[in-house]
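So the chains spell out like this:
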Amino acid sequence: MTRDQALLDFLFDRLADTNAPDRLAEVILGAYAGDDELRAVLAGEDAHLPRRTDDADARADVYLDRVSVAGFRGIGPKATLHLRPENGLTLIVGRNGSGKSSFAEAIELALTGDSQRWAERNSIFRDGWRNLHTSAPCEIDLIARVDGVAAPLRLRRTWDTDATEPGQAEASQPDADALGWRQPLDTYRPFLTANDLGRLISSRPSELFDAMAPLLAIEPVTDAETRLKNARKIYDDRAKTVRTGRLALRTALAEVDDDRARAAGKLLAATKPDLDALDQLLSDDDEANPAVAAYRRLAAIPDPTPPDEIADRLLAAGSALAHMPAAPDELTRLLQTAVEHFDRRGAGACPVCTTGSLDQAWRDAAEQRLGQVRREAGARREVEEQLRAVRRDAARLLSYGVDLPAVMGEEMATAEQRWRAVDLDADPQVLAEHLREHYPALRAAVDNVRAAAADWLRTRHDAWREHATELHNWLTAARDARQDEEPLTLLKDALTWLKVAIADLRTAQLAPFANQSQQIWEQLRQESNVELAGMRLDGTSTRRRVAFPATVDGTATSAMAVMSQGELHALGLAVFLPRATAAASPFRFLIIDDPVQSMDPSKVDGLAQVLADLAQHRQVVVFSHDDRLPEAVRRLEIDAVIWEVTRRVNSEVEIRKNLDPAERYLADARALAKTDEIPADLRSPLITSFCRSALEAAFHQRIRAVRIGRGERHSDVEMLIDSARTTTQVAALALFDDPDAGNRVYSYFNNRLGPWAADSFRACKEGAHGAAVADPERLVGNVARMVEAAR
Amino acid sequence: MTSPQTYLSEAEHLMAAPATGTRGLWPRACAWLLRLALESALDIYWTATAPAVGACRSRRSQILMLSRYHEAGSARRVAMLWWSLSRAGHHHSYELALTAGELRHLHAEVRSVVVALQPGSPS
Chain E
0 MTRDQALLDF LFDRLADTNA PDRLAEVILG AYAGDDELRA VLAGEDAHLP RRTDDADARA
60 DVYLDRVSVA GFRGIGPKAT LHLRPENGLT LIVGRNGSGK SSFAEAIELA LTGDSQRWAE
120 RNSIFRDGWR NLHTSAPCEI DLIARVDGVA APLRLRRTWD TDATEPGQAE ASQPDADALG
180 WRQPLDTYRP FLTANDLGRL ISSRPSELFD AMAPLLAIEP VTDAETRLKN ARKIYDDRAK
240 TVRTGRLALR TALAEVDDDR ARAAGKLLAA TKPDLDALDQ LLSDDDEANP AVAAYRRLAA
300 IPDPTPPDEI ADRLLAAGSA LAHMPAAPDE LTRLLQTAVE HFDRRGAGAC PVCTTGSLDQ
360 AWRDAAEQRL GQVRREAGAR REVEEQLRAV RRDAARLLSY GVDLPAVMGE EMATAEQRWR
420 AVDLDADPQV LAEHLREHYP ALRAAVDNVR AAAADWLRTR HDAWREHATE LHNWLTAARD
480 ARQDEEPLTL LKDALTWLKV AIADLRTAQL APFANQSQQI WEQLRQESNV ELAGMRLDGT
540 STRRRVAFPA TVDGTATSAM AVMSQGELHA LGLAVFLPRA TAAASPFRFL IIDDPVQSMD
600 PSKVDGLAQV LADLAQHRQV VVFSHDDRLP EAVRRLEIDA VIWEVTRRVN SEVEIRKNLD
660 PAERYLADAR ALAKTDEIPA DLRSPLITSF CRSALEAAFH QRIRAVRIGR GERHSDVEML
720 IDSARTTTQV AALALFDDPD AGNRVYSYFN NRLGPWAADS FRACKEGAHG AAVADPERLV
780 GNVARMVEAA R
Chain Z
0 MTSPQTYLSE AEHLMAAPAT GTRGLWPRAC AWLLRLALES ALDIYWTATA PAVGACRSRR
60 SQILMLSRYH EAGSARRVAM LWWSLSRAGH HHSYELALTA GELRHLHAEV RSVVVALQPG
120 SPS
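If you read the protein sequences in the order shown, they are chains E and Z. Position 373 of the first sequence, counted from 1, bears residue number 372 in numbering that gives the first Met the number 0, the numbering being contiguous throughout. Position 34 of the second sequence, counted from 1, bears residue number 33 in numbering that gives the first Met the number 0, the numbering being contiguous throughout.
Please note: incorrect hints may appear among the correct ones.
Ranges of calculated distance between the beta carbons of each label pair, as one might list FRET restraints [as the list claims (entries may be wrong)]:
id : chain 1 : residue 1 : chain 2 : residue 2 : range
1  : Z       : Pro118    : E       : Gly780    : 37 to 43 Å
2  : Z       : Gly72     : E       : Glu636    : 49 to 55 Å
3  : E       : Glu169    : Z       : Glu70     : 58 to 64 Å
If you want the footprint, here are the derived chain Z segments under chain E, 3+ residues with CB under 8 Å [to be verified]:
id : region
4  : 1-15
5  : 23-30
6  : 82-91
7  : 97-110
None of these hints come from the bench; they were simulated from the model. Beta carbons are placed, not taken as given, at the ideal position from N, Cα and C, and that holds for glycine.
Based on the provided sequences and hints, a complete structural model is requested.
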C-alpha cells in the first residue's frame with residue numbers, strides 16, 4: 000500500500016540521515032517486517048527485509064449515489080434519497096421522527112454491517128430496527144460510485160421476515176470487507192453523529208487517543224517498536240537471570256568450605272566474571288591440590304605387616320641362643336696359643352705346667368677340641384646374626400608411622416606411641432610379646448585413618464559436585480548471555496532510535512489534522528472566548544491522551560475543562576471532520592447527523608461555512624432536525640441541495656426538494672390553486688395562508704440580512720423577529736426597520752408596486768381566515784412579485 | 000359558511016392520502032384547516048350565544064371572553080389550540096412543519112373542542 004510505502008520511505012530517509020550503522024538499520028527494518036525477520040536479523044541469519052520500491056497503487060475514490068430504504072427504522076414503504084455522487088453540500092432536513100436519521104443509519108449499516116449506534120445501545124433500542132408498520136420487505140440498497148469503475152457499486156442488505164437482529168442481514172457481494180473498506184472505515188469513519196461527537200469528546204482520554212491514533216497511520220512503525228520491545232524483554236530476562244544467578248551462586252558458595260568454592264566465589268565477585276577461568280575450575284580434577292593428594296594417600300595406606308612371623312622368628316632365635324654353649328673362653332684361647340707355641344717350637348714340655356709334655360697326639364687332640372669350639376662359635380654367630388636380622392625387621396615394623404593432619408591424628412598418634420614403646424634390644428621374647436600385644440590397636444587405628452580419609456574425600460566431592468552442577472548450568476547461561484550482548488545493545492539502540500522517530504513521525508502526521516482542526520475551530524468558535532492552540536497526541540500506553548491546549552481570554556488552560564456543551568460539540572466537529580475527510584481516505588463522502596444541536600446561531604453560521612469549504616472537495620451530506628442550518632446556508636448564499644423529509648402515518652416517508660422557504664410556500668400555494676380534489680372554499684384560505692407565509696419568510700430574510708449584515712448579534716435579531724407577531728408588524732420591520740410603522744405598509748405597497756400589491760397584502764391577511772379569494776392563481780402570481788421586490 | 004366538520008374531514012383526508020401535487024405541503028395545510036375548523040366553531044358558538052362578541056374582529060378577545068360564557072377548562076384548551084395552530088400557519092424561522100403525530104393529536108383536540116362548543120352542549 001502507498002501508505003506503508005510512505006512510512007518505509009520515511010524510515011529509509013531517516014536511517015540515512017542519522018548515519019545509522021548497518022546492523023542497527025537491519026534490526027529496525029527487521030522489526031518493521033515482522034517477528035520472524037527480527038529474530039533472523041538478531042541471530043545473524045538471512046532475513047527478508049523490506050526494500051524501497053516505487054510502485055504506488057492509486058486510491059479509488061468512493062461517492063454515494065443514492066440509498067433506498069424499506070421497512071427499516073422509521074421508514075415503512077420504500078423511500079429513496081438521491082444524493083449527487085460528486086463534491087458538494089447536501090442538506091437533509093426533517094423533524095425528529097421524520098425518518099431522516101433512518102437514512103443516515105441505513106447508509107452506515109449498509110457500509111459497516113453494524114452501526115456504531117446499534118452496537119452500543121440496549122436491546123430495547125435494538126429491537127426497534129425494523130419498521131413497525133411495514134416489516135416486509137426489509138432492505139437497504141446503497142448505490143455508490145467508485146472512481147474508474149463505470150458500473151455503479153451496489154451494497155444491498157436484505158432481511159428475512161424472521162430476522163431479529165440487524166446483523167442477520169444477507170449482504171450482496173462484494174461487501175465492504177471484500178472491497179477492503181473495513182480498515183479505512185474504522186480509521187476515517189466518514190459518519191459523524193451528534194452522539195459520537197459528544198461521546199468521543201467526553202470519553203476517557205485514552206479512548207480519544209485510540210480514535211485519533213489510527214488516523215496517523217503509523218501502526219507499522221509502532222508495531223515495529225512493539226516487536227523490538229518484546230524482543231528486548233526476552234533478552235533482558237535472560238541477562239537478568241544470569242545476573243541474579245551469579246549473586247545466588249556467590250551467596251551459596253560463600254558457605255561452602257572448599258577451596259574450589261572459594262575460587263569460584265572470587266571469580267563470581269566480578270560483574271563480568273572470567274568465564275574461561277570458571278570453566279577451567281570446573282574441569283579441574285583435583286590432582287594438583289596437596290591436601291587432596293595427602294588424603295588420597297591416607298585412604299590408600301597399607302596395613303602394617305602383621306607381627307606374627309617376626310615374633311616367631313624372635314622366639315626361635317632367642318630359644319636357639321639360650322640352648323647354645325657359651326662363647327669360647329680363656330681356656331680355648333690358651334689352647335689356641337699352646338697349639339701355636341707347639342707349631343713354632345715343636346714338641347716339648349708344657350710351658351705352663353712344666354710337668355706335662357706337648358706332643359703330636361696332644362696337638363691332634365687339641366686341634367680336634369679347637370675345631371669343635373670353632374664350629375660351636377660359628378653356629379652361635381649364625382643364630383646371633385639371625386636375631387639381629389629379626390630385630391632389624393622388628394625395628395622396621397615398629398617404625399611404622401603415618402603422617403596425619405592434626406585433626407584426625409590423635410588416635411593414631413596414641414597407637415603409634417604405644418607401638419613404639421619397647422626396647423629394640425630387649426629379650427626377643429619380650430619383644431615378640433610386645434609386637435603381638437600392640438598390633439591390633441595399631442591396626443584398628445590405621446583402619447580408622449583410612450576410613451576418615453575416604454570420608455573426607457567423599458564429603459569434599461559431594462559438597463562441590465552440587466555447586467559444580469549449578470555453576471556449570473550458570474556458566475552455560477552466562478556464555479549465551481555473552482552472545483546476547485550484541486543483539487541486546489542493538490535492540491536498545493534501535494528502540495532509542497525508533498522512539499524519537501515515532502515522536503517526530505506522529506507530530507509530522509498529525510500536523511495537517513491539527514492545523515485543519517484549528518482552522519475549523521476558528522470558524523466555528525465565532526463568539527467563543529476559548530482559543531484553541533493545536534492538538535497533540537501525548538504519552539504512551541496507559542497515559543496516552545489527546546491534549547487540547549487552549550487559552551481563555553489569554554489564560555492558558557485545557558480546552559476540555561472550560562468549554563460549554565455547544566463548544567465541546569463544536570470542538571468535536573473540529574477534531575473529527577479532518578479525520579473523516581483525511582486526504583488518504585478513499586471515502587469522498589461524509590455523513591453528518593445533527594451537527595447543530597446545542598449550537599447558538601452564530602456557530603451555525605460558522606458551521607455552514609465549514610461545511611461549504613469541505614464541500615469543495617467532498618460530498619458532504621448533513622442531516623438536520625431544524626431549519627437553522629438550511630437558513631444559514633441560504634443566507635450565506637452557499638451552494639447546496641436541500642431535501643426535506645416528512646413522514647406520514649404508517650411510516651410513509653416523503654422526500655422533496657426544500658427550496659428557499661418563500662419559494663416553497665409559493666410553490667405550495669400554486670400547487671393548491673391547481674388542485675381540484677380539495678373543494679374551492681377550503682382551498683382558498685389555505686392558498687392565502689401559504690401566500691402570507693411566503694411574504695413573511697421573505698420579510699424575515701430581509702430583516703436578517705440587513706441587521707446581521709450591520710453586525711448585530713444573531714440572538715438579538717432572532718428575538719426582534721420573534722416579537723413581531725402579525726404580518727403587518729413583520730412587514731414594517733422589514734420595510735422600515737421599525738415594528739411600529741405598520742400604518743405605512745399599505746401606502747408603501749401602493750406607491751412602490753401599485754394598488755394590486757396593497758390589495759394582495761390585504762387578501763393574504765384576511766383570506767387566510769376564510770374570506771374567499773376570487774382568483775387564487777392571480778393572487779399567487781402577485782405575491783411572487785412582492786416576494787421578489789422584498790428581497 | 001363552511002362548517003367545522005367540513006374542515007375537519009378535509010384535514011383528515013389530507014393527512015391520510017396525498018392530493019395530487021400536494022406532496023409534502025400537507026402538514027402545514029392540515030394545520031391551517033384545523034385552525035379554520037376551530038374558528039368556524041367559534042363563530043357558530045358566538046352567533047348563538049352572544050352575537051356582540053362574535054362581531055368583535057379580534058380572535059384573541061373572543062377567546063379571552065370564552066371563559067366567561069363557557070366552562071373554564073375548555074376555554075383554556077381552545078386558547079392553547081388556537082395558539083399552536085396559528086403558529087403552524089405563520090412562517091417561523093428555523094421551524095419545520097408539524098409531524099404526522101402532532102397533527103393527529105391536534106386533530107383530535109379540535110374535534111373534541113368543536114363538539115364542546117356546539118350550541119346546546121352543556122357549558
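To see whether the hints hold, each was checked on the structure:
no. : hint                             : in the structure
1   : Z:Pro118 to E:Gly780: 37 to 43 Å : holds, 41 Å
2   : Z:Gly72 to E:Glu636: 49 to 55 Å  : holds, 50 Å
3   : E:Glu169 to Z:Glu70: 58 to 64 Å  : holds, 60 Å
4   : 1-15                             : holds (count 7)
5   : 23-30                            : holds (count 6)
6   : 82-91                            : holds (count 3)
7   : 97-110                           : holds (count 5)
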